[in-house]
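**Student:** Each chain, written out:
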Amino acid sequence: MKKLIKYVMIDILRNKVVLGYTLFLLAVSMSVFSLDDNSSKGLLSLLNIVLIIVPLLSVIFSTIYVYNSSEFIELLVSQPIKRTTLLTSIYAGLASSLMLAVIIGIGLPVLLYDRSDVGLTLVLAAVMLTAVFTGLAILASVITRDKAKGIGVAILLWFYFAIIFDGLILFLLFQFADYPLEKISIGLTALNPIDLSRILVLLKMDISAMMGYTGAVFKEFFEGMTGYFFIILVMLAWICSPIMLAIKRFNKKDL
Amino acid sequence: MKVFLAITLLLMQLFATASVIEVGAGKQYKSIKSAIAAAKDGDIILINKGVYAEGEIVIDKAVSVRGVGYPVIDGKSKSQVIRVEASGVVLEGLEVCNAGYSSSYDWAAIKILNSKNVIVRNNRLLNNSAGVYLQNTSYSEISNNTMQGNSTDEVESGNAIHCWKSNNLRILNNSLTRHRDGLYFEFVTASLIQNNTSFKNLRYGIHFMFSNDDTYIHNTFRTNGSGVAVMFSKNVVMRYNTFEENWGSAAYGILLKEIQGGAVEGNTFLRNTVGIYMEGTSRILLSNNTFKSNGWAMRVQASCEANTITKNNYFGNTFDVGTNGTMQLNIFNENYWDKYEGYDLNKDGIGDIHYQPVSLYSMIVEKMPSASILLRSFMVSIMDKAERLMPSITPVELKDDKPLMKPLSL
Numbered sequence: 002m003k004k005l006i007k008y009v010m011i012d013i014l015r016n017k018v019v020l021g022y023t024l025f026l027l028a029v030s031m032s033v034f035s036l037d038d039n040s041s042k043g044l045l046s047l048l049n050i051v052l053i054i055v056p057l058l059s060v061i062f063s064t065i066y067v068y069n070s071s072e073f074i075e076l077l078v079s080q081p082i083k084r085t086t087l088l089t090s091i092y093a094g095l096a097s098s099l100m101l102a103v104i105i106g107i108g109l110p111v112l113l114y115d116r117s118d119v120g121l122t123l124v125l126a127a128v129m130l131t132a133v134f135t136g137l138a139i140l141a142s143v144i145t146r147d148k149a150k151g152i153g154v155a156i157l158l159w160f161y162f163a164i165i166f167d168g169l170i171l172f173l174l175f176q177f178a179d180y181p182l183e184k185i186s187i188g189l190t191a192l193n194p195i196d197l198s199r200i201l202v203l204l205k206m207d208i209s210a211m212m213g214y215t216g217a218v219f220k221e222f223f224e225g226m227t228g229y230f231f232i233i234l235v236m237l238a239w240i241c242s243p244i245m246l247a248i249k250r251f252n253k254k255d256l
Numbered sequence: 023m024k025v026f027l028a029i030t031l032l033l034m035q036l037f038a039t040a041s042v043i044e045v046g047a048g049k050q051y052k053s054i055k056s057a058i059a060a061a062k063d064g065d066i067i068l069i070n071k072g073v074y075a076e077g078e079i080v081i082d083k084a085v086s087v088r089g090v091g092y093p094v095i096d097g098k099s100k101s102q103v104i105r106v107e108a109s110g111v112v113l114e115g116l117e118v119c120n121a122g123y124s125s126s127y128d129w130a131a132i133k134i135l136n137s138k139n140v141i142v143r144n145n146r147l148l149n150n151s152a153g154v155y156l157q158n159t160s161y162s163e164i165s166n167n168t169m170q171g172n173s174t175d176e177v178e179s180g181n182a183i184h185c186w187k188s189n190n191l192r193i194l195n196n197s198l199t200r201h202r203d204g205l206y207f208e209f210v211t212a213s214l215i216q217n218n219t220s221f222k223n224l225r226y227g228i229h230f231m232f233s234n235d236d237t238y239i240h241n242t243f244r245t246n247g248s249g250v251a252v253m254f255s256k257n258v259v260m261r262y263n264t265f266e267e268n269w270g271s272a273a274y275g276i277l278l279k280e281i282q283g284g285a286v287e288g289n290t291f292l293r294n295t296v297g298i299y300m301e302g303t304s305r306i307l308l309s310n311n312t313f314k315s316n317g318w319a320m321r322v323q324a325s326c327e328a329n330t331i332t333k334n335n336y337f338g339n340t341f342d343v344g345t346n347g348t349m350q351l352n353i354f355n356e357n358y359w360d361k362y363e364g365y366d367l368n369k370d371g372i373g374d375i376h377y378q379p380v381s382l383y384s385m386i387v388e389k390m391p392s393a394s395i396l397l398r399s400f401m402v403s404i405m406d407k408a409e410r411l412m413p414s415i416t417p418v419e420l421k422d423d424k425p426l427m428k429p430l431s432l
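As they're listed, the protein sequences go chains A and B.
Residues in the first sequence are numbered from 2 upward in steps of one, following the numbering used here.
Residues in the second sequence are numbered from 23 upward in steps of one, following the numbering used here.
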């Protein structure tokens, strides 16, 4: 398994896309911070990159990578290696090299320009989002055999989580504005890893505003550590479940 | 003038027949009450170190009471501790503790009634329901005191300094904590509040009601129930104060309710849920303030009019300005907004297009608090951008026509 992960990682690093991704993140983060003396504004721009670009790139790159290495996967399946080990290793190799890119590309500038809690939480959110969307990509590519369809599914997934979902929540909140929606709105965000990471950062960035709400549920969620534990737990579930589903599917799949 | 004053004071010293009365174990008087009974106007009562629990001590002569090494005057949580009913009394160097709470009387550690020229300085008032209570008192000074209360709920507690129907007070350099309000002013006029620190009080750092022409400068208000409330008053001047971390659903740095005239200048608002909340406020000048990392820098209700908001810095606030209506009768001018995205072609330091500090999303949250869960979502920023291009919900008139390109150095 170690050997496989190592092989996947070396293969990806030779690929240059990840290198380009790292350099892109690094350039954007550096420029965002050096444009303004006020590092909180830089963090805000970075938040948008983390919530939009990181999931998009993770999901597309991983899908394409898995399709491109289908022959390699078929070859390995014929060897005495368990399918679970095989897919787990590919996931681990992919996720860890993309996480490395995020840590260097975003973590380094944050450490250099802004060593606040907000910055560190942002890096944590980016790392977790990478793990979630790599898993979703693998699930998408295991389910569909056709490459174009697989990439389509992956992009749709991203589009749904990044943009459509929030629109749906807003729509729901408007429709049911007369009812108490605190619990429901927190519950709904648990269905979206991008929303969860956004709120994780908000807990640090906008705590003054979030403390302004009267509801007891919000208060408990935003004060203290309840919100943190909730978000981290649900994010872990989001990281584990797609890859577990993919493994289950892959084990039965007729290659 | 100063020389004349000094000479007069010196002469007064020479001709005065003040005697010093000592109180304490092994001294002429064992109890404070007996010392006061024996004293005459102008005497100095020196209280030596020790514990004095004598029930309510009434000072009805113009004496100067001084503690040596902070003698403890204990109210045993049963009564008021010291009641001053004479002008010209000086209380200094005392530790007054355990004033009781009563629902029918306003008990306090030190109560001053119907007097003038009273000075309360360098005292420690600990574990009292209320600290200093002034009623119908004028030209008095409360300075350098430490007041730490024992309040746990708003109903059964008193204020650190409570002033009622007084004028020309000077409240300087006090540390006020764990009472209901740090300072309570009702019908108090022409007074100065300076260099005080008011923190961890249950309700307000300062509470003004019907108090006109007062000034508070260089004070710090931190983690109170909610900052400072100025209500139903005229011409209150607020300068160079710091408001920090007043968090909660009804918490703000300053609440301005039914205020006419006055100025809010050079203050710093840091990490409050709402920096300034204005309701029914008119003709106020807000300038040279810094708003940093607040939930809302300002909430200007539609009932405010003719206020001028100019030359302020807004950094990293979640929302710059919130409002509840489309009516807009205030002037926003030459402020620095860190969210401003305009340009400055003629390089005069003033942006060429106006800035609208109220975003669509802040209007949505105003109506529907549970939508706050979508804060900083991509969806929301798209909607905000669209609204900026074609305003339909946000008040069009609420705008800064001359936004600054660079922050002011304040």
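Treat the hints as calculated values from the structure; they're not laboratory data.
Glycine included, every Cβ here is placed at the ideal spot set by N, Cα and C.
A hint or two may mislead.
[To be verified] Calculated pairs, EDC-like style, for lysine to aspartate or glutamate (alpha carbon to alpha carbon, straight line, at most 16 Å):
hint	chain 1	residue 1	chain 2	residue 2
1	B	K52	B	D82
2	B	K256	B	D360
3	B	K428	A	D38
4	B	K98	B	D82
5	B	K407	B	E363
6	B	K333	B	E267
7	A	K42	B	D360
8	B	K314	A	D179
9	B	K361	A	D37
10	B	K100	B	E78
11	B	K71	B	E117
12	B	K71	B	E44
13	B	K361	A	D38
14	B	K98	B	E78
15	B	K389	A	E221
16	A	K42	B	E78
17	B	K389	A	D38
18	B	K314	B	D360
19	A	K184	A	D147
20	B	K100	B	E178
21	B	K361	B	D423
22	B	K428	A	E221
23	A	K253	A	D38
24	B	K256	B	E208
25	A	K205	B	E267
[Said to hold, decoys possible] Not the full set, but computed from the structure, chain A residues with beta-carbon under 8 Å of chain B:
hint	residue
26	S32
27	I53
28	G168
29	E183
**Student:** Decide, hint by hint, whether the structure agrees.
**Tutor:** A quick look at each hint next to the structure:
no.: 1; hint: B/K52 to B/D82; in the structure: 19 Å, violated
no.: 2; hint: B/K256 to B/D360; in the structure: 32 Å, violated
no.: 3; hint: B/K428 to A/D38; in the structure: 11 Å, holds
no.: 4; hint: B/K98 to B/D82; in the structure: 22 Å, violated
no.: 5; hint: B/K407 to B/E363; in the structure: 11 Å, holds
no.: 6; hint: B/K333 to B/E267; in the structure: 23 Å, violated
no.: 7; hint: A/K42 to B/D360; in the structure: 8 Å, holds
no.: 8; hint: B/K314 to A/D179; in the structure: 34 Å, violated
no.: 9; hint: B/K361 to A/D37; in the structure: 12 Å, holds
no.: 10; hint: B/K100 to B/E78; in the structure: 9 Å, holds
no.: 11; hint: B/K71 to B/E117; in the structure: 10 Å, holds
no.: 12; hint: B/K71 to B/E44; in the structure: 11 Å, holds
no.: 13; hint: B/K361 to A/D38; in the structure: 14 Å, holds
no.: 14; hint: B/K98 to B/E78; in the structure: 10 Å, holds
no.: 15; hint: B/K389 to A/E221; in the structure: 22 Å, violated
no.: 16; hint: A/K42 to B/E78; in the structure: 58 Å, violated
no.: 17; hint: B/K389 to A/D38; in the structure: 34 Å, violated
no.: 18; hint: B/K314 to B/D360; in the structure: 10 Å, holds
no.: 19; hint: A/K184 to A/D147; in the structure: 40 Å, violated
no.: 20; hint: B/K100 to B/E178; in the structure: 14 Å, holds
no.: 21; hint: B/K361 to B/D423; in the structure: 15 Å, holds
no.: 22; hint: B/K428 to A/E221; in the structure: 39 Å, violated
no.: 23; hint: A/K253 to A/D38; in the structure: 55 Å, violated
no.: 24; hint: B/K256 to B/E208; in the structure: 13 Å, holds
no.: 25; hint: A/K205 to B/E267; in the structure: 14 Å, holds
no.: 26; hint: S32; in the structure: 16 Å, violated
no.: 27; hint: I53; in the structure: 6 Å, holds
no.: 28; hint: G168; in the structure: 5 Å, holds
no.: 29; hint: E183; in the structure: 6 Å, holds
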